[in-house]
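K.L.:
Below, each chain spelled out in residue letters.
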Amino acid sequence: MFIFFGKPLLFLIPAVVVTAAGVYVASSEPSEYQSIGVLSISSETFLDTLSGTRTGTRSFETPAVTTARQFNELMQTDGFAISVVNGAGLGDQRLNGELTLLDVRANTYAAAAGDTIVEVISVAGNPEWAQKLSASGIATFKNFVISSEASGTDVAEIFYDQQLTTYKLEVDTASDALQAYLADHPEPILAGDERDIGEQLEIEKLNDLLARAQARFDLAFDNREAARLATLQSSADIDQRFRTLDEPTAPDVPLSGLTAMLTTIIMFAVLGILVSMASVMLVSVFDRSIYSAHDLDILGANVRAVVPRSSAMKVDHSRRLNPQPVTSSVPIRSAS
Amino acid sequence: MSLEPRRDGAGIPPPPDFVGPTGPPQNDALIDRSISETAKHGRGRSSEADNLQVWVDDHLIHQSPPVVTRSLRYLMARGDLPGRLSLTSSLFGEGVTSMSRSLASLIAYDWREPTCWVDLNWWKSTHDAFETAPFRQTISSVVEGRGSVTNLPVATSVPGLSMVAAGEVPAGSRPRLARSETLASLLDDLSKSFAYIVCDLPPVLASSDAVTLSGLTDGFLLVVQQRSTSSIQVRGVLQAMDVVPCLGTILNGSRSSLPRWMRTSNEVWALGN
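Chains D and E supply the protein sequences, listed in that same order. Note that the working numbering numbers the first sequence so that position 195 is 297, with each residue one more than the last. Note that the working numbering numbers the second sequence so that position 247 is 244, with each residue one more than the last.
Just chain E, with the same shape it has in the complex:
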């Protein structure tokens, strides 16, 4: 695994004729499809590796600014991320979705590993139309039997990166879904096709299902927004999630006026002098 970003292909807007996966591929073909689709349209084009953009069809799903990719590469430098990891937070609005998407993008882009970002956060129920439109199949539809797991991953403009949408699940059904065998087997199927599964979980203090969902992964990263999250909340989350290995925390939205000599190494790395 190399920290040296690839300069070819990924991270750039797709051409107009890029339509993404359409057919129902088999499990083994999932990653091939997503890579080939992206490669077909993206290879050979120059891009800003530090400003990763994730396109699906004509929709810009996500972009990682250079400051974010730089910081997350610091996280990835140790290379000890498990194959199936999740990101969660204390409360809503701490940037879990953005962090998980950026992390998945970087794993796929830097490590050249097939990676799937999986949205398990049904609590952010009202998605924007342009963000949900590319996902014809969602986890909820598959669980309800209205689709196949093979259609779930949607290839993106980032080579190796696919995305799975959560879909709409009634509030009363979410705890049952989180604990269902169907969901566990769905993730197992995805794990067969992707080296890395990055799950976007609901906030721990907003839903107890976060603990259950994180149990489907090998460990979780806790996203903490600076100046907003209290130490009491973080301690509470760590205590609630003690059944799952904590891979560490990501301090998001950081802005420090501390002198350099008082900063930790990753603050110096991320925030400079």
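Chain D on its own, in the form it takes in the complex:
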């Protein structure tokens, strides 16, 4: 302690310097803008009730917590993060290196703000980027949920589209064949004449082919419509479940940096104090000089007196192994 109190300013220099560095760092940090989009999450919708979909979904987590967790997990995937960046129109910036996925992941996240409210937050140095990333995050997340929940109906819709093409071709072929046969074999002109039995059987056969082709086409068409309806239903359901209450907007003012600045300064100050303490301890370890009566007490040397420094005593000259003359600081009094 004597070492510190002997030259307190010297040992406080590291603390002051490091704290000053912290002030500089805190004041030189660039401004950041934050854009927040607010989603309302519903676990059940009226459409669910009507359609009977997604029944029996129960969880210990609130919908908001589940959604926020899911969003944040998805942000850790390259595919989702890149989709967010591309959806925000910042793909070129990512390719140029102005924006990295690491930055996007670190600064775009979701947080539950209640049981059913989720905030999708994006922080960026550019206010427009923040707004775009937040909006893209919401849209990409919705698309992800839609595509995951309606993936079965999508496949069915595509399948039936392909089938409809084939069936349409069969219907057209059967119709063309019937039309061609009828053109080649017109009905008898005279009343009372009938087609011979061969023509009647051929026409009936062509009609059956056409009817069967039409029936297959109609069934495929109905199925495809059902699939399309299911997709629309899921999409509408998800839109209803994830309703955007507040669209992200481009912030006009940067984030309040006071807290961050104070945090930075305090961290540096603590670091500086630690450095000062370490320097005191280091000097204490290496400097074994006797500084106080307490140092002698530690050695078991009973301190009987502490004599202050006095120039008249001439004790300030350096200690040495070799003897030197002992001089008096007082001049000789001349005899009168």
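Please keep in mind that the hints were generated in silico from the structure rather than gathered at the bench. Worth double-checking, as some hints may not be accurate.
Computed spacing ranges between beta-carbons, pair by pair [claimed, not checked]: (1) D:Gly402 <-> E:Ala168: 30 to 40 angstroms; (2) D:Ala352 <-> E:Pro256: 51 to 61 angstroms; (3) D:Gly402 <-> E:Pro256: 16 to 26 angstroms; (4) D:Leu373 <-> E:Asp47: 47 to 57 angstroms; (5) D:Leu384 <-> E:Asp239: 26 to 36 angstroms; (6) E:Trp258 <-> D:Val372: 18 to 28 angstroms; (7) E:Ser170 <-> D:Leu376: 53 to 63 angstroms; (8) E:Thr179 <-> D:Ala380: 54 to 64 angstroms; (9) E:Arg75 <-> D:Ser386: 43 to 53 angstroms; (10) E:Thr179 <-> D:Ser386: 44 to 54 angstroms; (11) D:Met369 <-> E:Asp77: 54 to 64 angstroms; (12) E:Asp239 <-> D:Ala380: 55 to 65 angstroms.
What the simulated footprint calls covered on chain E by chain D, stretch by stretch (three residues with Cβ under 8 angstroms from a Cβ of chain D suffice, anywhere in the stretch; the number is not a length) [what the hints assert, rightly or not]: (13) 64 to 72; (14) 230 to 243.
We put the beta carbon where it would ideally sit given N, CA and C, even for glycine.
Starting from the known structure of chain D, arrange chain E on it as the hints suggest.
P.N.:
Same frame as chain D, now just chain E:
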């Protein structure tokens, strides 16, 4: 014994006609001579008791500033000093001579006890002329047979205080002198005439003779200069001197910036707030 300093006589410069002891007094007359000589010239004159000055003839041998006398009175307050004590240090330059002279002055002045300061430090061989001039007889001359022990003590301006100079001893002869019977009997003779013998010893780490010389006394005080002496050196001295009772240490040249609550009692006494 009282801590109340005497206000009469001692500590002041002697008058011009003060010449100190000249004749060869007998042992029993040593103290009488020194006291009477001083009293004859110093009594009745006002002085600063806290600023003791030791004059021999016209030579100012030593002075104790008020801060030093105040601190040493703290040491003397316990009153447990043996009749024959020595002061030493780890190395040269820690203020042993000054401390021993001040302590001897205060014992003589405050306690009104006949006291003799004895210089046994031949290692500070080159004395200034004005400091050695008053001492016509020295220990070395007595040991060499060129003088008598009765002529050794030189009365000073401080009543009851006498001083004995070491003289010049060749380096090769110092260990032998330190262990000689002559020196031991010389100190015994002085002890018969003085209640207190305060010896100035060489540094322990500079000369092994310090241990031998301290064995001629009843205990030693270790003078430690603040900020210079290391704890390793102090520990080494204490280990080397474990054959002689250690009366304690004197922290010399102290200057503390510690808060009052962190200071020891004698630091508070000496250094104030």
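K.L.:
Please go over all the hints and tell whether each is borne out by the structure.
P.N.:
Here's how the hints hold up against the structure:
1. D:Gly402 <-> E:Ala168: 30 to 40 angstroms: holds (34 angstroms)
2. D:Ala352 <-> E:Pro256: 51 to 61 angstroms: At roughly 57 angstroms between Cβ atoms, Pro256 (chain E) and Ala352 (chain D) fall inside 51 to 61 angstroms, so the hint holds.
3. D:Gly402 <-> E:Pro256: 16 to 26 angstroms: holds (25 angstroms)
4. D:Leu373 <-> E:Asp47: 47 to 57 angstroms: At 51 angstroms between Cβs, range holds.
5. D:Leu384 <-> E:Asp239: 26 to 36 angstroms: Given range 26 to 36 angstroms: holds, Cβ gap about 33 angstroms.
6. E:Trp258 <-> D:Val372: 18 to 28 angstroms: The hint (18 to 28 angstroms, Cβ to Cβ) holds, given that Trp258 (chain E) and Val372 (chain D) are roughly 26 angstroms apart.
7. E:Ser170 <-> D:Leu376: 53 to 63 angstroms: The hinted range 53 to 63 angstroms holds for Ser170 (chain E) and Leu376 (chain D), with Cβ atoms some 59 angstroms apart.
8. E:Thr179 <-> D:Ala380: 54 to 64 angstroms: With a Cβ separation near 58 angstroms, Thr179 (chain E) and Ala380 (chain D) satisfy 54 to 64 angstroms, so the hint holds.
9. E:Arg75 <-> D:Ser386: 43 to 53 angstroms: Taking Cβ atoms as reference, Arg75 (chain E) and Ser386 (chain D) lie about 32 angstroms apart, which means the hint is violated.
10. E:Thr179 <-> D:Ser386: 44 to 54 angstroms: holds (48 angstroms)
11. D:Met369 <-> E:Asp77: 54 to 64 angstroms: Because 57 angstroms falls inside the window, the suggested range holds.
12. E:Asp239 <-> D:Ala380: 55 to 65 angstroms: Because 37 angstroms falls outside the window, the suggested range is violated.
13. 64 to 72: holds (count 6)
14. 230 to 243: holds (count 4)
When the structure is compared with the earlier hints, violations turn up for hints 9, 12 and for no others.
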